[in-house]
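S.K.: All chains, full assembly: derive it from the sequences and hints.
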Amino acid sequence: MDFLNAIFVQPFADMAAAPDFLLQVVWEGLVGGVLYALIALGFVLIYKSSRIFNFAQGIMVVFAALTLVGLTEKGVPALLALPLTLLVMLVLAVTIERAVLRPLVNQPDIILFMATIGITLFLIGFGEIIFGGENKVMITRELMIPTDSITLDLFGGFVSIEQKDLTSVIGAVLLVAALLLFLNRTKTGRAIRALGDDHQAALSVGISLSTIWVVVWFIAGVIALATGIAWGARAGVSFALEVIAYKALPVLMLGGLESVMGAIIGGLAIGILEKLFEVYWGQPLMGGNTEAWFAYVVALIVLLFRPQGLFGERIIERV
Amino acid sequence: MLYRTAGQFKTSYAADHALFPVRQDAILLGVVLILAFVVFPLTASEFAFRALLIPVLIYALAALGLNILTGYAGQLSLGTGAFMGVGAYACYKLITLFPEMNIVVAIALSGFFSAGVGALFGLPSLRIKGFYLAIATLAAQFFLVWLFQKWDWLYNYSASGAIHVPNISMFGITVAGPRAAAITQYYFVLAIVCVVTFFAINITRGRIGRMWKAVRDMDIAAELVGINLMRAKLTAFFVSSYIVGVSGALFVFLWRGAAEANLFDIPLSFRVLFIAIIGGLGSILGNYLGAILIVALPVIISAVPAMLGLPLASATVEHLNVMIIGVLIITFLIVEPHGLARFWAVIREKLILWPFPH
Amino acid sequence: MKKMMKTAALSAALAAGVALALPASAQEDSIYIPNLSYRTGPFAATGTPLMNGQRDYITLLNERDGGLNGVELTYDECETGYNTEKGVECYERTKENAVVTQPWSTGITLQVLPKSNVDEIPILAPGYGFSPMADGKVFQWAFNPPSSYWDGASMILKHISEGDLDNLNGKKIALLHLDHPYGKEPIPLLQALAEQHGFTLLPIPVGLTEMQNQSAQWLQIRRERPDFVLMWGWGAMNAGAVTEAAKTRYPMDQFIGIWWSGHDGDLKLIGEEGKGYRSISWSVPVPDSQLVQDIRQYVVEPGKSLIENESELDSVFYQRGLMISAMLVEAIRAAQEEFDTQAPDAEQVRWGLENLNMDEARLEELGATGMLVPFKTSCADHTGHGGAWMLEWDGEKFVKVSDLITPDREAIEPLEKQEAEAYAAANAPWPVNEECEM
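Residue numbers (the working numbering), protein chains in the order written: chain A, 1 to 319; chain B, 1 to 358; chain C, 1 to 438.
For the record, the hints were derived by calculation from the structure and aren't laboratory data. Treat each hint with caution, since some may be false.
As the list claims (entries may be wrong) - If you want the ones that stay clear, here's a sample from chain C, every Cβ over 10 Å from chain A, calculated:
1. V284
2. E301
3. R362
4. D408
Stated by the list, open to error - Label-pair distances were calculated between CB atoms; the ranges are:
5. C:E96 <-> A:S149: 53 to 63 Å
6. B:E46 <-> C:A428: 16 to 26 Å
7. C:E434 <-> B:E100: 24 to 34 Å
8. B:V38 <-> C:E120: 24 to 34 Å
9. B:I183 <-> C:A428: 45 to 55 Å
10. C:E308 <-> B:G172: 52 to 62 Å
11. B:A345 <-> C:E120: 14 to 24 Å
12. A:V173 <-> C:E272: 25 to 35 Å
13. C:G66 <-> B:G172: 44 to 54 Å
14. B:E46 <-> A:T211: 51 to 61 Å
15. C:E365 <-> A:T95: 32 to 42 Å
16. B:G172 <-> C:E96: 27 to 37 Å
17. A:T95 <-> C:Q191: 50 to 60 Å
For every residue, glycine included, the Cβ atom is placed at its ideal position computed from N, Cα and C.
M.R.: What follows is the structure, given as structure tokens:
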């Protein structure tokens with residue numbers, strides 16, 4: 001009885017008893033979720049246009065953030081470092097397209113997936129040689145990101161909101177809006193979506209595969225930079241950040257591999273749910289650290305009912 | 001010349017289907033076995049045993065297990081590390097609960113625990129496919145590693161959360177634990193690996209293996225020709241996880257000597273997957289070639305600058321090492337996506353035809 | 001690229017040494033000191049300054065004194081990335097000619113520990129590893145001077161309770177720790193003390209993948225409102241924890257870390273906001289000491305050091321690295337004198353580590369006055385239990401804010417003995433050094 005009580009009653013009683021704390025938990029989850037969504041978005045774009053399950057998205061986040069911080073450390077002003085970093089990401093995109101993707105066209109999915117793990121390893125070694133392994137401070141001040149926190153006094157308690165978290169949420173919303181506009185309103189954007197729908201048809205109407213791939217990897221690089229800035233502002237920039245790629249995988253599966261909306265909604269949902277579960281169930285009942293697997297188990301359960309994810313394209317199989 | 005098949009006539013279907021349709025294959029295998037059983041033990045140093053030979057064998061075994069699932073039955077798994085962990089922890093519990101138990105029996109039994117867990121996490125494969133299935137195995141990966149950390153019964157409530165291999169002897173010879181000699185451990189692992197490989201070759205050539213391959217090539221078509229999908233997929237998960245579990249038990253008991261939960265985390269899974277893919281999916285030989293490449297190469301690369309007297313700090317060497325492995329993986333995938341095993345197959349074809357080009 | 005060039009250029013001497021070391025170290029004129037270092041991976045941030053310090057101390061001796069009593073010291077790093085698998089490989093690779101092994105991770109220490117009796121190479125794990133290693137009777141080949149984790153836990157509690165642990169009665173103490181053998185080390189002792197003195201212990205694990213994202217852990221701290229938070233953190237986890245603490249507005253003066261959680265680089269990330277954070281430490285940076293001046297003169301200025309900029313010289317971790325090498329070198333020196341040999345072997349260095357006497361007079365001779373707690377090891381006591389000081393972050397650097405604190409050995413010893421015996425029993429046959437008088 002106690003056991004059932006601890007699972008089904010107590011957590012909700014706790015939530016009701018301290019609504020300010022609940023709000024704080026939800027907010028923390030939301031901020032985490034936004035970042036998951038951003039990474040998942042990078043995955044989705046690449047998957048849509050090239051059927052590549054890009055494991056390297058995580059390391060691209062680290063790489064972009066390190067380049068930005070590294071350039072500033074070398075004395076480049078922040079506002080110049082930003083476009084320079086974008087340039088580096090563009091070079092990276094072109095290199096990946098030339099050296100890895102082009103020779104691997106038409107290979108099975110798993111081979112391409114492995115190739116992106118190869119890219120990950122390469123970037124880890126390369127990045128550590130250039131930037132060293134130290135934990136670096138994100139240049140929040142130079143980028144004019146406010147670092148104070150706002151305290152809301154609510155329900156006899158308080159909810160503390162970091163301005164940099166708020167900035168990253170707003171920044172992410174703007175980025176996603178821009179991305180959606182780009183995908184829906186521009187010629188290149190439409191070409192990307194066309195490739196996602198049907199490779200051969202897209203090729204036959206004259207869409208250049210290699211240009212689109214560079215564009216898509218570059219956009220993924222931009223998203224990686226945004227994620228890197230947001231996450232780096234929270235906890236510093238180091239190679240330990242790379243593991244957030246593992247967090248984006250379940251988000252992706254939950255939302256469906258091809259769906260931009262799915263990545264966003266999946267990211268937010270997983271961010272909030274895993275935080276609630278960890279705080280109200282995981283820590284009191286299971287010894288904590290449930291965030292390591294919670295997202296995967298949720299995604300697995302959802303997939304059992306919808307094998308293509310919540311927003312994915314229906315899988316039609318023919319013999 | 002070396003591989004001339006002239007003069008070898010097949011007079012029955014049985015001969016055509018034999019394990020070694022060409023006599024030279026059998027001779028070559030014999031040579032490899034002599035190398036493994038006689039030459040290496042006579043020449044290898046302790047470092048070579050512990051850093052090269054034993055890990056290559058154990059990783060090859062793990063990759064063999066994964067290859068049965070991914071290469072033969074077509075089910076992608078990213079949870080190999082955790083299943084190895086199940087084998088290792090099961091073996092640890094068996095050994096500590098029943099200290100009298102023979103270690104071979106304990107290792108053989110621990111495979112069944114991992115097989116059971118594997119089959120359980122294989123259930124979603126009946127509904128989920130491709131990359132989506134990877135999520136099921138990743139769920140297993142993260143959940144199990146978390147469980148290894150939190151369930152203190154598994155590591156006998158030790159404060160550090162790590163498990164230690166006690167000294168275990170068999171017929172008066174210490175085979176596991178800090179007092180075991182490297183050469184004993186090598187022979188022990190080699191014997192188990194040979195036995196498991198023998199079974200794996202036969203199972204993949206037989207009815208079950210054909211069933212798996214049909215499912216891999218197209219599961220709906222396989223179902224239409226009367227293959228029970230559930231049985232095929234679950235047996236694949238079961239057999240694969242059994243082998244992976246055995247390799248996990250060997251990994252800790254015959255090689256590492258101690259382990260903590262993080263050891264079985266996702267990098268281990270990826271490492272085994274690399275071996276299987278670079279070696280060649282759907283091949284038994286490939287696992288060994290892949291393991292030699294992935295395990296031995298970093299050890300050799302990190303020794304090279306020192307040997308040549310190149311002025312590189314060990315951290316830089318390690319960074320370069322990671323980079324080189326990344327590049328090698330990509331290069332291999334580009335040059336031969338079907339893996340090293342296919343390389344060998346091509347060479348063998350060429351040798352059979354040699355000196356004539358066609 | 002610049003860094004790479006620098007690394008390449010500066011390590012020329014080192015690597016040339018390494019190249020020759022493999023055949024040469026068996027000779028009389030050099031002593032081979034391998035170090036299982038990590039300058040890569042998620043823990044590089046904290047590992048690098050320590051390794052730099054260790055390396056520079058050896059370089060200093062070779063440059064200034066021409067080695068140790070005329071014998072060159074060959075320092076060789078093998079990169080593990082804090083990965084146990086790599087660590088064991090490095091151990092196997094370096095053990096042949098090694099007089100000591102420095103595993104640099106509790107996980108690797110636990111792996112190497114059972115082998116130490118067989119391979120007969122002493123393990124030097126200053127301030128880390130398995131706390132019961134203090135029992136020299138059982139762990140003949142393992143050394144963790146000058147204080148063990150259990151000593152550390154005991155000293156922190158003693159400090160926050162102002163000397164009497166009963167003052168903690170009814171209080172709640174959270175232990176924020178890395179979910180790894182290292183982070184779990186203090187739990188048995190803290191649990192025992194919690195029962196004895198009536199405080200509540202709340203262990204809060206941080207997974208390796210959650211190091212940079214500890215918001216769940218700090219939400220728990222906010223909900224549970226512990227009176228004190230102790231931290232056993234490492235690598236990227238420290239920086240994450242301190243940032244979150246500032247964000248949660250947890251009072252910094254109730255937040256205390258073990259010695260590995262007192263890294264300048266981590267605290268610099270939050271600067272002023274971290275004011276009041278304390279970390280216990282058995283080493284203190286003394287920027288104007290003779291030793292540091294010599295390092296500057298003989299190692300840094302000729303460009304023989306790997307440090308990124310000179311300010312690193314004054315950091316806690318760099319100077320701790322110096323002290324770690326100092327302990328090792330003193331042990332080798334003791335062995336040289338006792339056995340009247342130029343190049344002592346592993347067995348003899350073991351004797352040296354067992355008869356290490358780092359008293360204040362000796363520290364002064366080394367030019368390191370006040371940089372390390374004085375301690376003395378013996379056959380039965382492989383730790384020395386020198387105690388530690390409390391350091392506090394003042395917004396820019398760590399400063400010493402307490403007198404020497406000593407652990408409550410009476411409370412620790414029984415547990416240490418019990419755990420050591422349990423370890424020996426589980427690893428039977430395990431040789432015990434009966435010659436030691438307790």
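S.K.: Against this structure, judge whether each hint is valid.
M.R.: So, going through the hints one by one against the coordinates:
1. In this structure C:V284 is separated from chain A by more than 10 Å, as the shortest Cβ-Cβ distance comes to about 22 Å.
2. Annotated as non-interface, C:E301 keeps its C-beta farther than 10 Å from every C-beta of chain A; the closest such distance is 22 Å.
3. The non-interface label for C:R362 is consistent with chain A: the shortest C-beta to C-beta separation is roughly 33 Å, beyond 10 Å.
4. With a closest Cβ-Cβ approach of about 29 Å to chain A, C:D408 is found to remain outside the 10 Å limit, as its non-interface label requires.
5. Distance hint for C:E96 and A:S149: a CB-CB separation of about 56 Å, consistent with the stated range 53 to 63 Å.
6. The supplied range of 16 to 26 Å is met by B:E46 and C:A428, whose beta-carbon atoms lie about 23 Å from each other.
7. Taken as a hint, the range 24 to 34 Å holds for the pair C:E434 and B:E100, whose Cβ atoms sit roughly 29 Å apart.
8. Range check, B:V38 to C:E120: about 30 Å between beta-carbon atoms, so the 24 to 34 Å window is met.
9. Roughly 23 Å separates the CB atoms of B:I183 and C:A428, a value that falls outside the hinted 45 to 55 Å.
10. For the pair C:E308 and B:G172, the supplied restraint of 52 to 62 Å holds, since their beta-carbon distance comes to about 56 Å.
11. Between B:A345 and C:E120 the Cβ separation comes to about 48 Å, which falls outside the hinted range of 14 to 24 Å.
12. Taking 25 to 35 Å as the suggested C-beta distance range, the pair A:V173 and C:E272 conforms, at roughly 31 Å.
13. A C-beta distance of roughly 52 Å is found between C:G66 and B:G172, which places it inside the suggested range of 44 to 54 Å.
14. As the Cβ distance of B:E46 to A:T211 is approximately 56 Å, the hint placing it in 51 to 61 Å holds.
15. Checked against the hint of 32 to 42 Å, the C-beta distance between C:E365 and A:T95 comes to roughly 57 Å, which is inconsistent with it.
16. Our hint of 27 to 37 Å for B:G172 and C:E96 holds, since their Cβ atoms are close to 29 Å apart.
17. Checked against the hint of 50 to 60 Å, the pair A:T95 and C:Q191 passes, with Cβ atoms roughly 54 Å apart.
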